[in-house]
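Using the sequences plus the hints, can you model the full thing?
Quick mapping for you: the protein sequence lines, in order, are chains A and B. Per my numbering, residue 1 is the first one in the first sequence, and the count goes up by one each step. Per my numbering, residue 118 is the first one in the second sequence, and the count goes up by one each step.
Heads up, some of the hints might be wrong.
[Unchecked claim] Beta-carbon label-pair distances, calculated as ranges:
id: 1; chain 1: B; residue 1: Ser275; chain 2: A; residue 2: Ala13; range: 32 to 38 Å
id: 2; chain 1: A; residue 1: Gln103; chain 2: B; residue 2: Arg366; range: 32 to 38 Å
id: 3; chain 1: A; residue 1: Gly54; chain 2: B; residue 2: Arg324; range: 44 to 50 Å
id: 4; chain 1: B; residue 1: Arg305; chain 2: A; residue 2: Ala47; range: 38 to 44 Å
id: 5; chain 1: A; residue 1: Ala9; chain 2: B; residue 2: Trp279; range: 35 to 41 Å
I should point out that these hints are in silico values taken from the structure, not numbers from a laboratory. Using N, Cα and C, we set each Cβ at its ideal position, and we do this for glycine too.
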Amino acid sequence: MTPLAVSIAGAIASITLILVVLELIRSRRLRERYALLWLATGVVLTALSLWRGGLNTMARWVGVSTYPPAVLFAVGILFIIAVLLHYSTVISRLSDQNVMLAQRLALLETELRSRGK
Amino acid sequence: MPDTAELTAAAPALAGLGELRRVAIVPALNEEHTVPRVIDELRAFDPGLDVVVIDDGSSDRTAEVAAAKGAIVLRLPYNLGIGGSVQTGFRFAYEHGYDLAVRVDGDGQHDPSQLGRILGPVLHGDADIVVGSRFAAEDNGGYRSSRSRRVGIRILASVVSWIVGQRVTDPTSGFQALNRRGIALFARDYPHDYPEVEATVMVHRHRLRMQEVPVSMRERGGGRSSITTLRSVYYMVKVLLAIFVGLFRRNVVQQEEPQ
Chain A
1 MTPLAVSIAG AIASITLILV VLELIRSRRL RERYALLWLA TGVVLTALSL
51 WRGGLNTMAR WVGVSTYPPA VLFAVGILFI IAVLLHYSTV ISRLSDQNVM
101 LAQRLALLET ELRSRGK
Chain B
118 MPDTAELTAA APALAGLGEL RRVAIVPALN EEHTVPRVID ELRAFDPGLD
168 VVVIDDGSSD RTAEVAAAKG AIVLRLPYNL GIGGSVQTGF RFAYEHGYDL
218 AVRVDGDGQH DPSQLGRILG PVLHGDADIV VGSRFAAEDN GGYRSSRSRR
268 VGIRILASVV SWIVGQRVTD PTSGFQALNR RGIALFARDY PHDYPEVEAT
318 VMVHRHRLRM QEVPVSMRER GGGRSSITTL RSVYYMVKVL LAIFVGLFRR
368 NVVQQEEPQ
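As structure tokens, then:
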């Protein structure tokens, strides 16, 4: 069985995550499209922390009989991997766009100079 | 398609239109086949309308055909999405001192001959922003869209209506007319990706007056919708999140008019 203290600590931590993400969106430091995965992480972890029977059942499915909270950690790690992977694709797109922007700027500058003469 | 004589008759009926500096903002993504017709129809409706086409990183000849028709073309270096490209148009309108802007999509689904209805309340000073709604009238001109999309629009419409305390039937419509106040607000702050729904709430929060008028829209002439069925669920969640979080946000500071 999952220790009650683990469930409570897990729920507090994941609810805090949700609140922090919402505040970051509100203060415009985080765009909605990049916040959704974080919110999903928070919601799923909150659910698994509070729904203790479900966590135990899932632990049995994946063969973790001794310590069900391990499943909580595993799910958390999976979500973090998903967020990181998502960020990698975002960074790749940003660097492509940055190259295009620099190229366009260089072309425009040449164009402007040649007109100024 | 209505003939040109019928179209030309529409604009002079709008008193006061001729004295205003007015611009049509036309976002376009890979719409080389429909953009020339949209530009022609805008000119037919009102020859004094400046047309600005925002090419959102098209891979076809959208920018060239628009320029050949005499439109001002703003070519974005890469795809910004509908929100970013439309806001480029509002910024242009703001910085160039336009009094009045209309937004007409480059895919041909907005019929410029109906601009008279949308412009009316703005010209009379009854509204800062007027939105053409496909669903405001009982007869919607046979406009069809996918079922999931209609359901999505209806859900968003009820949420938005509830927040702004005014009946909004088509919160996703991009067929709009704005006065200088509306242009200034959207030049300063405009949502991304799927902007019209959030923009409706934003307009309300800034105490600008919005009105809907019934219009009929045409089938898309070309290109493809920026929203596929699968993505609409994602957008629904994102837009609802944006709306609710936006309610707890302070208003943006209104920009001072430049001297």
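So, going through the hints one by one against the coordinates:
{"no.": "1", "hint": "Ser275/B to Ala13/A: 32 to 38 Å", "verdict": "holds (35 Å)"}
{"no.": "2", "hint": "Gln103/A to Arg366/B: 32 to 38 Å", "verdict": "holds (36 Å)"}
{"no.": "3", "hint": "Gly54/A to Arg324/B: 44 to 50 Å", "verdict": "holds (47 Å)"}
{"no.": "4", "hint": "Arg305/B to Ala47/A: 38 to 44 Å", "verdict": "holds (39 Å)"}
{"no.": "5", "hint": "Ala9/A to Trp279/B: 35 to 41 Å", "verdict": "holds (38 Å)"}
When the structure is compared with the earlier hints, no violation turns up for any of them.
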